[in-house]
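Peer 1: Here are the chains, one letter per residue:
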Amino acid sequence: MSRFASTLSQTSRRLNLPPHITSRVVLELAADLEDLFEHYTAQGLSEEEATARALESAELSDEAVARLVEVHTSPTGRLVERLEERTRTPWERLMLLLITVFVTIGIGSEMFTAGFFSGISSFLWPVAAAAAAGLVLVLWKIYGLFIVKDRDPRRLRSGLPSVLGLAALSVLLALLGVLVEMHQAALSVEGTAQSLAEQSILCVARIAPMIVFSLTSAIVLAVAWFALSSRVGRLEQTRAAMLLEGGSG
Amino acid sequence: MSERSIEPQNLGRSCHELLILATLAVGRKHGYQLGLDIEAASHGQFRFKHGTLYPILHSLEKDGLIEGDWDEDAPRRKRKSYALTRKGRRKLADDTEAWRVFARHFFAIVEGEAR
Chain A
1 MSRFASTLSQ TSRRLNLPPH ITSRVVLELA ADLEDLFEHY TAQGLSEEEA TARALESAEL
61 SDEAVARLVE VHTSPTGRLV ERLEERTRTP WERLMLLLIT VFVTIGIGSE MFTAGFFSGI
121 SSFLWPVAAA AAAGLVLVLW KIYGLFIVKD RDPRRLRSGL PSVLGLAALS VLLALLGVLV
181 EMHQAALSVE GTAQSLAEQS ILCVARIAPM IVFSLTSAIV LAVAWFALSS RVGRLEQTRA
241 AMLLEGGSG
Chain B
1001 MSERSIEPQN LGRSCHELLI LATLAVGRKH GYQLGLDIEA ASHGQFRFKH GTLYPILHSL
1061 EKDGLIEGDW DEDAPRRKRK SYALTRKGRR KLADDTEAWR VFARHFFAIV EGEAR
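In order, the protein sequences belong to chains A and B. Residue numbering for the first sequence follows this note's numbering, starting at 1 and increasing by one per position. Residue numbering for the second sequence follows this note's numbering, starting at 1001 and increasing by one per position.
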């Protein structure tokens, strides 16, 4: 890509996008520049003239750069990027993983003690269903990434936002359950202070385990989503770098 | 009357999108080839600067109207080519009709006033 190298690196700097997306845009531009160059030389232009015409034709205006950034910017993508900036080294990633494992084991062991789920709100079932669906999706992605070793970024990325969506859904369902349980408890109070205290305690006993369960599963799903998104992002970056190395020129 | 209508403030964008979709209806093409084909087919009337193509192509790809693929087996360099998806074909048919209606009304006004 020698003759267009400075333009390509300049473009790369102007694109405020995650590295793997920038690499792909630059790679596409590099191939088109070479094709345009060949097109113009085939028309009889000198190498200098063909280079200048190709550069003029393929120039990315500020407006085009802004639109490209807009097209490729998603809230979840930005979130992963910011989190990745904070967990750059393998040690930091390991720490994040260990904290998650300890929190999960700590809360999980508490959850599986006898009686934790006794008398729990029936809203636990939809909450658990959302969490289970998220877990199945995570396992499916892990299977694709590490067992089948699928390397198609588009296929790997598809469905990942749903993991985060299901984590949020389990928390929202738990909150809905809390409101319904509180309403039912309020209707059951018989007007005495003792009845109020009893219903309040019963209500807490019904909703607290559900909240603990939904928050724990949401944390696990969110961490799994982050780890999978980062992994797919790194794969995309490696693949784009390979394409650029073996690409134009 | 078409269900879709062309917003006058989005004329340029809608025109570019439709030209790209229509050109891809013929078959898969690379970005640079798309620009040149549109220019040739319009006898130079629609001259695309290739730099303006990328945001439109990427936006159409993101919306699932076209599908980009890397020709990694290309003998000399890796290139990205685009093809129309089923959703893109539907959009092409809808937008073609919308543009036909738009042009009819436009000329009804312009030629009517000119007389």
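Warning: the hint list may mix true and false statements.
[Stated by the list, open to error] Sample of chain B residues with no beta-carbon within 10 Å of chain A, all distances over it, derived:
| hint | residue |
| --- | --- |
| 1 | Thr-1052 |
| 2 | Ala-1083 |
| 3 | Leu-1092 |
[Said to hold, decoys possible] Dumping the calculated DSSO-like pairs for lysine-lysine here, alpha-carbon to alpha-carbon at most 30 Å:
| hint | chain 1 | residue 1 | chain 2 | residue 2 |
| --- | --- | --- | --- | --- |
| 4 | A | Lys-149 | B | Lys-1049 |
| 5 | B | Lys-1049 | B | Lys-1062 |
| 6 | B | Lys-1049 | B | Lys-1087 |
| 7 | B | Lys-1080 | A | Lys-149 |
| 8 | B | Lys-1029 | B | Lys-1049 |
| 9 | B | Lys-1049 | B | Lys-1080 |
[As the list claims (entries may be wrong)] Label pairs and their in silico Cβ distance ranges:
| hint | chain 1 | residue 1 | chain 2 | residue 2 | range |
| --- | --- | --- | --- | --- | --- |
| 10 | B | Phe-1107 | A | Arg-151 | 49 to 55 Å |
| 11 | B | Gly-1064 | A | Phe-112 | 39 to 45 Å |
| 12 | B | Gln-1009 | A | Ser-74 | 24 to 30 Å |
Bear in mind the hints are in silico, worked out from the structure with no lab data behind them. Idealized CB from N, CA, C, for every residue including glycine.
Peer 1: Does each hint hold? Answer for all of them.
Peer 2: Results of checking the hints against the structure:
1. Remark: the non-interface label on Thr-1052(B) conflicts with the geometry, its nearest Cβ contact in chain A lying 6 Å away (cut-off 10 Å).
2. Residue placement check: Ala-1083(B) keeps its beta carbon more than 10 Å from all beta carbons of chain A (closest about 14 Å).
3. Against the 10 Å criterion, Leu-1092(B) stays outside the reach of chain A, whose nearest CB is about 20 Å from its own CB.
4. Of the supplied pair hints, the one linking Lys-149(A) and Lys-1049(B) is violated, its CA atoms being roughly 40 Å apart against a limit of 30 Å.
5. With a C-alpha separation of about 21 Å, the suggested pair Lys-1049(B) and Lys-1062(B) falls inside the 30 Å cut-off, and the hint holds.
6. Taking the CA atoms of Lys-1049(B) and Lys-1087(B), the gap is near 26 Å; set against the 30 Å cutoff, the hint holds.
7. Pair hint Lys-1080(B) plus Lys-149(A) holds up; C-alpha atoms about 23 Å apart against a cutoff of 30 Å.
8. Restraint check for Lys-1029(B) and Lys-1049(B): the C-alpha separation of about 16 Å stays at or below 30 Å, so the hint holds.
9. Between the alpha carbons of Lys-1049(B) and Lys-1080(B) the distance comes to roughly 18 Å, so the proposed pair stays at or under 30 Å and holds.
10. Restraint check, Phe-1107(B) to Arg-151(A): a C-beta distance of roughly 53 Å satisfies the suggested window 49 to 55 Å.
11. Checking the proposed 39 to 45 Å range against Gly-1064(B) and Phe-112(A) shows it holds: the Cβ atoms sit about 44 Å from each other.
12. Range check, Gln-1009(B) to Ser-74(A): about 25 Å between beta-carbon atoms, so the 24 to 30 Å window is met.
In summary, the structure is inconsistent with hints 1 and 4 from the numbered list given earlier, while agreeing with the others.
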